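Sequences are here, hints too, so could you generate the full structure?
Quick mapping for you: the protein sequence lines, in order, are chains W and X. Residue numbering for the first sequence follows the working numbering, beginning at 1 and increasing consecutively. Residue numbering for the second sequence follows the working numbering, beginning at 1 and increasing consecutively.
Treat the hints loosely; a few may be bogus.
Below, computed lysine-lysine pairings styled on BS3-like, alpha-carbon distance capped at 25 Å [said to hold, decoys possible]:
| no. | chain 1 | residue 1 | chain 2 | residue 2 |
| --- | --- | --- | --- | --- |
| 1 | W | K273 | X | K63 |
| 2 | X | K259 | W | K273 |
| 3 | W | K259 | X | K259 |
| 4 | X | K273 | W | K273 |
| 5 | X | K172 | X | K294 |
| 6 | X | K295 | X | K306 |
| 7 | X | K149 | X | K306 |
| 8 | W | K120 | W | K295 |
| 9 | W | K320 | W | K70 |
| 10 | X | K259 | X | K204 |
| 11 | X | K120 | X | K304 |
| 12 | X | K70 | W | K273 |
| 13 | X | K306 | X | K327 |
| 14 | X | K273 | W | K70 |
| 15 | X | K149 | X | K304 |
| 16 | X | K273 | W | K259 |
| 17 | W | K63 | X | K273 |
In case anyone wonders, no lab produced these hints; they're calculated from the structure. This structure is a prediction, so every number in the text was calculated from the model and none was measured.
There are 2 protein chains.
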Amino acid sequence: MPPALPNRNRQIHLAARPSGLPRESDFALVEAPMPDPGPDEVLVRGIYLSLDPYMRGRMNDRKSYVPPFKLGETMGAGGVGEVVRSNSPAFQPGDIVEGLMGWQDYAAMKAKGLRKVDPKLAPISTAVGVLGMPGLTAFFGLLDVARPKPGETVVVSGAAGAVGSIVGQIAKIHGNRVVGIAGGADKVRHCVEDLGYDACIDYKAEPDIRAALERTCPNGIDAYFDNVGGAITDAVILTINDFGRIALCGQISQYNLEKPEMAPRLFVPILFKQVRMQGFLVFSYADRYPEGAKKLAEWLKAGKIKYRETITDGLENAPKAFIGMLKGANTGKQLVRLAAEN
Amino acid sequence: MPPALPNRNRQIHLAARPSGLPRESDFALVEAPMPDPGPDEVLVRGIYLSLDPYMRGRMNDRKSYVPPFKLGETMGAGGVGEVVRSNSPAFQPGDIVEGLMGWQDYAAMKAKGLRKVDPKLAPISTAVGVLGMPGLTAFFGLLDVARPKPGETVVVSGAAGAVGSIVGQIAKIHGNRVVGIAGGADKVRHCVEDLGYDACIDYKAEPDIRAALERTCPNGIDAYFDNVGGAITDAVILTINDFGRIALCGQISQYNLEKPEMAPRLFVPILFKQVRMQGFLVFSYADRYPEGAKKLAEWLKAGKIKYRETITDGLENAPKAFIGMLKGANTGKQLVRLAAEN
Numbered sequence: 001m002p003p004a005l006p007n008r009n010r011q012i013h014l015a016a017r018p019s020g021l022p023r024e025s026d027f028a029l030v031e032a033p034m035p036d037p038g039p040d041e042v043l044v045r046g047i048y049l050s051l052d053p054y055m056r057g058r059m060n061d062r063k064s065y066v067p068p069f070k071l072g073e074t075m076g077a078g079g080v081g082e083v084v085r086s087n088s089p090a091f092q093p094g095d096i097v098e099g100l101m102g103w104q105d106y107a108a109m110k111a112k113g114l115r116k117v118d119p120k121l122a123p124i125s126t127a128v129g130v131l132g133m134p135g136l137t138a139f140f141g142l143l144d145v146a147r148p149k150p151g152e153t154v155v156v157s158g159a160a161g162a163v164g165s166i167v168g169q170i171a172k173i174h175g176n177r178v179v180g181i182a183g184g185a186d187k188v189r190h191c192v193e194d195l196g197y198d199a200c201i202d203y204k205a206e207p208d209i210r211a212a213l214e215r216t217c218p219n220g221i222d223a224y225f226d227n228v229g230g231a232i233t234d235a236v237i238l239t240i241n242d243f244g245r246i247a248l249c250g251q252i253s254q255y256n257l258e259k260p261e262m263a264p265r266l267f268v269p270i271l272f273k274q275v276r277m278q279g280f281l282v283f284s285y286a287d288r289y290p291e292g293a294k295k296l297a298e299w300l301k302a303g304k305i306k307y308r309e310t311i312t313d314g315l316e317n318a319p320k321a322f323i324g325m326l327k328g329a330n331t332g333k334q335l336v337r338l339a340a341e342n
Numbered sequence: 001m002p003p004a005l006p007n008r009n010r011q012i013h014l015a016a017r018p019s020g021l022p023r024e025s026d027f028a029l030v031e032a033p034m035p036d037p038g039p040d041e042v043l044v045r046g047i048y049l050s051l052d053p054y055m056r057g058r059m060n061d062r063k064s065y066v067p068p069f070k071l072g073e074t075m076g077a078g079g080v081g082e083v084v085r086s087n088s089p090a091f092q093p094g095d096i097v098e099g100l101m102g103w104q105d106y107a108a109m110k111a112k113g114l115r116k117v118d119p120k121l122a123p124i125s126t127a128v129g130v131l132g133m134p135g136l137t138a139f140f141g142l143l144d145v146a147r148p149k150p151g152e153t154v155v156v157s158g159a160a161g162a163v164g165s166i167v168g169q170i171a172k173i174h175g176n177r178v179v180g181i182a183g184g185a186d187k188v189r190h191c192v193e194d195l196g197y198d199a200c201i202d203y204k205a206e207p208d209i210r211a212a213l214e215r216t217c218p219n220g221i222d223a224y225f226d227n228v229g230g231a232i233t234d235a236v237i238l239t240i241n242d243f244g245r246i247a248l249c250g251q252i253s254q255y256n257l258e259k260p261e262m263a264p265r266l267f268v269p270i271l272f273k274q275v276r277m278q279g280f281l282v283f284s285y286a287d288r289y290p291e292g293a294k295k296l297a298e299w300l301k302a303g304k305i306k307y308r309e310t311i312t313d314g315l316e317n318a319p320k321a322f323i324g325m326l327k328g329a330n331t332g333k334q335l336v337r338l339a340a341e342n
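So this is what it looks like as structure tokens:
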């Protein structure tokens, strides 16, 4: 018997466009009527809200690959939840689903925007982690964009993050030497001891990233999966081998900047080393998601991919968790638990 | 009957490593003994010496894709000349050949380093131009690296240069809208009136390159062939369409800098627009040269590719011509005529 529905819903709205690192005052916790699902819609009780770095970009009023969040409206986000009412033959109350539910406790969602999650396959939070966008981003970005050959050296920045931690493990499965870059001794230890990285550089403790890359990559760098950008990426470009490939997945060091940071131009080494650098968004691989999801599920089931989650409880704490993630406070996937799993 | 050989050869040596734009005092005109070809070597009388921007990089004592020129030694360069003595069954006196002859009037060359040039096919200077490295660079860089689809918009920087002028014309043959970027009204007129560019931007006269690109590329930019780098390339990156492709061929604006110039980081737009940027060197296409050379010769013969040469007479004027080229004084291929064709 599902718990009775409350009368009111809670949402986090964008209250102000942040300047630099967002502050809690840029968000507002708002009470709203409980949504009423229309035809072919279902009402979902959120369980896990996914927090992702790309959301910072959407807080700016700037043209990008997705429209900006609107002031005074609910922040967008993926999430995992339970169907509590259904006006669609495709879903029954009790079904676990994944979709773009937003920063709120309950969401009325079109049935076609939801994906059913099998709670027997893996913990349901993985639907927004290893078995969701972060996993697929890692899979296609590494294997289709960076394309390391077995035996080559792969460097991953944001190595302990939701995407990076999966990139590193897929690269190990793929037969690569894998070197991570992460911030802090805990993350570095996690990468090497839990995730199987061959080495991991602590960029917060390392005075010279380039020297550290040369030390940990005796055969140079062949492929680089970039989640962070900035000076770390500069150091990789100066170190990467001829015909190196760079998959640009994230630039978290840049998202809080009001205007582009000044940095040395590095197109001459990119040219002379015949490097290929390619930006990608996982959405471009939508028609190949089943292929990636199948492999990720196999690896997860076989224990070849491990994952860690940083879980913050309560919608009201989502802004704080988001700001922390932008500062690198999380290890692995950053989630907000909106409610108990059942 | 060939003219009698002089007793002495003249060479241009690297006298000092330049700081910034080279000065004439960085070069020295030196008399040397007439070289004596050994077994399987031929003696070549240089006719056309090829001057190319990449040589500036080799004047620095810096690790790159080719070793630096050595102080006190002859500057390296491609050239076209006439065989005057041959110790190889592959060449006869009177043959016209192309090879890495260096900045000198005569060169003793290994036969296997020379390519025979057919003077009936086209003017022999094209062996270091349209039918040589610049032509092949344009061909593979455009069609294999930038890969525009017919109907797409291609932008070419250094549009009136030895490589750029061929890129623009191949793109027209390929069915693209082609917009050049060049310095000065003469070059702009040459690009549009002689070479068939749909539009050409004069970067020296244009206060806002980005606005000029938006004006001349109503459907945006799909592919960019970059010979210059710097602020021009920044403007293209900020304008380029989603899934745009950038072929990095040259960065002439950067070669005279003592250390990398500071510039705004633009990896966020490269990421969000899913741009592919790729550095390339024509040497990587060596096994496909015959394919490119065949097409270029066809197009040249059919009048579909036109070319212009900037010819400076006399080895002693090579340094001045080289410095001029780095400042953009040339239109089309910069050559030094060492001697009359016969």
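Numbered hints the structure breaks, given as an ascending list
none
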